[in-house]
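Student: These are the residues of each chain, in order.
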Amino acid sequence: MKIFSESHKTVFVVDHCPYMAESCRQHVEFDMLVKNRTQGIIPLAPISKSLWTCSVESSMEYCRIMYDIFPFKKLVNFIVSDSGAHVLNSWTQEDQNLQELMAALAAVGPPNPRADPECCSILHGLVAAVETLCKITEYQHEARTLLMENAERVGNRGRIICITNAKSDSHVRMLEDCVQETIHEHNKLAANSDHLMQIQKCELVLIHTYPVGEDSLVSDRPKKELSPVLTSEVHSVRAGRHLATKLNILVQQHFDLASTTITNIPMKEEQHANTSANYDVELLHHKDAHVDFLKSGDTHLGGSSREGSFKETITLKWCTPRTNNIELHYCTGAYRISPVDVNSRPSSCLTNFLLNDPRYKIIGNLEIPLERAKDQLEKHTRYWPMIISQTTIFNMQAVVPLASVIVKESLTEEDVLNCQKTIYNLVDMERKNDPLPISTVGTRGKGPKRDEQYRIMWNELETLVRAHINNSEKHQRVLECLMACRSKPPEEEERKKRGRKREDKEDKSEKAVKDYEQEKSWQDLERLKGILERGKEELAEAEIIKDSPDSPEPPNKKPLVEMDETPPVEKSKGPVSLLSFWSNRINTANSRKHQEFAGRLNSVNNRAELYQHLKEENGMETTENGKASRQ
Amino acid sequence: MEVGVERGNGGLMIPPMDLETIAIIQLSVCILIGNIGIIFIMPTVVVMDVSLSMTRPVSVEGSEEYQRKHLAAHGLTMLFEHMATNYKLEFTALVVFSSLWELMVPFTRDYNTLQVVLVTDGCLGIGRGSLRHSLATHSQRSESNRFPLPFPFPSKLYIMCMANLEELQSTDSLDCLERLIDLNNGEGQIFTIDGPLCLKNVQSMFGKLIDLAYTPFHAVLKCGHLTADVQVFPRPEPFVVDEEIDPIPKVINTDLEIVGFIDIADISSPPVLSRHLVLPIALNKEGDEVGTGITDDNEDENSANQIAGKIPNFCVLLHGSLKVEGMVAIVQLGPEWHGMLYSQADSKKKSNLMMSLFEPGPEPLPWLGKMAQLGPISDAKENPYGEDDNKSPFPLQPKNKRSYAQNVTVWIKPSGLQELNRLRKAALAFGFLDLLKGVADMLERECTLLPDTAHPDAAFQLTHAAQQLKLASTGTSEYAGYDHNITPLQTDFSGSSTERM
Chain A
1 MKIFSESHKT VFVVDHCPYM AESCRQHVEF DMLVKNRTQG IIPLAPISKS
51 LWTCSVESSM EYCRIMYDIF PFKKLVNFIV SDSGAHVLNS WTQEDQNLQE
101 LMAALAAVGP PNPRADPECC SILHGLVAAV ETLCKITEYQ HEARTLLMEN
151 AERVGNRGRI ICITNAKSDS HVRMLEDCVQ ETIHEHNKLA ANSDHLMQIQ
201 KCELVLIHTY PVGEDSLVSD RPKKELSPVL TSEVHSVRAG RHLATKLNIL
251 VQQHFDLAST TITNIPMKEE QHANTSANYD VELLHHKDAH VDFLKSGDTH
301 LGGSSREGSF KETITLKWCT PRTNNIELHY CTGAYRISPV DVNSRPSSCL
351 TNFLLNDPRY KIIGNLEIPL ERAKDQLEKH TRYWPMIISQ TTIFNMQAVV
401 PLASVIVKES LTEEDVLNCQ KTIYNLVDME RKNDPLPIST VGTRGKGPKR
451 DEQYRIMWNE LETLVRAHIN NSEKHQRVLE CLMACRSKPP EEEERKKRGR
501 KREDKEDKSE KAVKDYEQEK SWQDLERLKG ILERGKEELA EAEIIKDSPD
551 SPEPPNKKPL VEMDETPPVE KSKGPVSLLS FWSNRINTAN SRKHQEFAGR
601 LNSVNNRAEL YQHLKEENGM ETTENGKASR Q
Chain B
1 MEVGVERGNG GLMIPPMDLE TIAIIQLSVC ILIGNIGIIF IMPTVVVMDV
51 SLSMTRPVSV EGSEEYQRKH LAAHGLTMLF EHMATNYKLE FTALVVFSSL
101 WELMVPFTRD YNTLQVVLVT DGCLGIGRGS LRHSLATHSQ RSESNRFPLP
151 FPFPSKLYIM CMANLEELQS TDSLDCLERL IDLNNGEGQI FTIDGPLCLK
201 NVQSMFGKLI DLAYTPFHAV LKCGHLTADV QVFPRPEPFV VDEEIDPIPK
251 VINTDLEIVG FIDIADISSP PVLSRHLVLP IALNKEGDEV GTGITDDNED
301 ENSANQIAGK IPNFCVLLHG SLKVEGMVAI VQLGPEWHGM LYSQADSKKK
351 SNLMMSLFEP GPEPLPWLGK MAQLGPISDA KENPYGEDDN KSPFPLQPKN
401 KRSYAQNVTV WIKPSGLQEL NRLRKAALAF GFLDLLKGVA DMLERECTLL
451 PDTAHPDAAF QLTHAAQQLK LASTGTSEYA GYDHNITPLQ TDFSGSSTER
501 M
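Just so you know, the sequences run in chain order A and B.
Counting in the numbering used here, the first sequence runs from 1 upward without gaps.
Counting in the numbering used here, the second sequence runs from 1 upward without gaps.
It should be emphasised that the hints constitute simulated quantities derived from the structure, not laboratory data.
All the pointers check out, no bait thrown in.
Under 7 Å between C-beta atoms, here's a sample of chain B residues computed to sit facing chain A:
1) 242
2) 244
3) 245
4) 265
5) 342
6) 374
7) 376
8) 379
9) 404
10) 410
11) 428
12) 441
Here a beta-carbon is modelled for each residue, glycine too, at the ideal position from N, C-alpha and C.
The shape of chain A in the complex, shown without the other chains (with noise of 0.2 Å):
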């Protein structure tokens, strides 16, 4: 396929001069209630078309159909033709809908039929046509520029369809010599010119209309090479239907349309509700549509159309879809398409079925970067183990909060309280020595002890944070949080030991002055335990996930709402983090206990961890309670 072929740019050249007011010579029936109601009525006089109209509305109707199956990339110039070219759109994107093109014939109106007639001439829109054919499209300039050097392979080719009432062959040889002319010489000018190109081919399709009844002047001809740029047709055509019959199969071998009639639509009758008869619907679309079909042989050949025209239809029968089935079809091709007939019942019908989708829609574009996408899935899959039996954590409701959060490019201090609370809330089950969800298979016996479980819980759980920790100062935090809290090997705690007790010295007088605030501090926190722990009980059974970690659960918000009620605890105590709330009240339940509850007094030592690890990195003077690590 070719972008830039001929039907790239279709300029049409409508003749807007004294003669084509004249009457088309097909009656309208408009008067058509009288028919039903009391005699006595005098119809009012017939009424018909113009040449002019019967024009125009023709040429509308095969620019509706071009627009509906080409929406972009085919292009239509329109121009009027009488003491001078009118203009009426340009090759924009913008200038590419009915809309447009029917508010402009609106301002230009019907020809005045009492305007010298001297004056007027097609020649006018002709010239202007090639000069319009000759100015570059915003996609002949998108090509070219992304071409560079390869800018010569962008083509430009156009169409002239040109509806006029000619008076003879020698008058239509004229125009042609004149289209001709007027090629040649804006060649010239555009070989020149950046902003202009020379035209390589051009199609004249020269449609000669006269009012039915009235003997043709002009002879049809079939295409034929003027020169190697331009070729020549002539179409004689009755005005009225005739007219439109004539660019309705136009546009069809313009823009290589075949038709299908869809058979057998069930639809329900306007008068009686509860009736429903079958109807057809013509439809025309890209030939390729049919590529496969005439493959196969089966042609489904329904004879000629329903509108009589020449060519042939292909017959399918409607099935009613099924609604609900999602499933995958094997598609070779999906083609756009505009019914034949489209003010029709049951073309409307058809086409109001098909869009309107049960489901809801917003309009306009989502309009996110697919950068975005492929970076979250980066950060999603940094660590991802994919076999069940490889993860503890992707195993544990509990850790869900946090897992959920931690893989975002960037986090709300509620995602970090959040976070901080899921380890809060496995410090306390490793306290209680909850059961951890560690695969068994391939061990022998019973598997690794409680506390190894959590040394590999821990560990795992470190791993998904770090990777993590470059994309924010607040993925930082939940870190250093962890960091704090998880249970350390034996070997490490004898070295933490050791160094406490200096630190303990150090912070003796600092630590009496807090011991106020800390106390009222503690208050709001036990409240806040309370909390979690009923949360929890209600988590015990969930604690566990036993499906599949293929794709992750929602987070079990129950006890986080809950806690989302209480006031922050932060707010109210200012620079006092929830981190050190809780290492206190782990240091003070463990004072008051035996000594042989060896875990709680390590747990002492994880906060004197992170002092150590603050003066390490920062180099400053830090508290005993953490208050400095919160900056």
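Let chain A serve as the given structure and place chain B on it in line with the hints.
Tutor: Coordinates of chain B only, in the frame set by chain A:
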């Protein structure tokens, strides 16, 4: 397979080489096709000339004496071994022919490209039914007696000549064979032996065929940090977007990067250029080397496959997830070229990970908009699928509605005249001012016919409408503006002025 071909019995007669034998290929393929579920295969039919001329000895300097058919057998063995290693799922048929054929079954199903490998020595025979005769009388054939080429389905015809170029050029054989390729719309190629006829040169000729038509397409499937080595099967064909402005065929990347996931309902059976199986492979095996791995490697390969089966593979995760979630993955195939990965059921129990290629371009599926603008949901200000997943942003509404989605006015048929303002607008555009006068007359007449019981407002409104139309029909007054709308006359019979028209 039973296709009613007379099996060559080497040496009893010298039958003319009858290329109508190709008709047999059609029916053999249809037998193959009928047995399998989804047709994504690229079957190969090998058509082997076993006429007497194939038994002509080849003069070799060494001790053993070969006939041309031995060379052909050697070449074909190489091809089959290659396919056994790299195309385990492929269907291959061998048809031998001398002079007779019979049509058994017509086609019943659709399928992808068929590869036909014709092995011949280029002795085309003489008389009726010979290729020369068939080509000479080609233009005289009737529709019912159509020449088998071009095949009525996508195909590639590869002709493997057990002869060298000089030999073929000494007669018109090469021209005739070239005609065959031309008749097949240029789809195919002729291979001849370079240099003297010997095992080595036959091997190199078949090596060229393998490189051209049977090189497995290996790629790396990527999704963020997750990756898998895969074979895409059949090999994706290069695609030409526009023969004029971009004549260089596009080939797909060997890095297939997943860029996101979308509901099946949203992508809704899109048109595709081709469909391919995506098979996970264990790389770094000898089997990948063309023409080497023969029977000895089978054991190694099996154990390699067993090990591979125990390593978690991203393809398995992806396939399972797509199936469970009812989604497809959008995969980037190249610059402005995308495709989709999805699970396709083969039978009730079995399904496969498949990849379909969309047409290259920024917007292959208009209802999804520009591919480059499909971002993650989490980036949207408001979840486009709604909080309860009860809506969808797709299909996107076009900026300009199509004629059937708006109230266009077409008056070519009389039944097309509707509503006053639409009528007025269209009449002005079409320059059909008489219609406006006529309708105005009609409304005035209606006014005189109003029954006594009619609301007094009716008469006022009808007169008003008639006046407005008449004003418009003059074409000169301010009332003839295209965008001017006739509004109901403000009367005080009723408190509110209701739309009448």
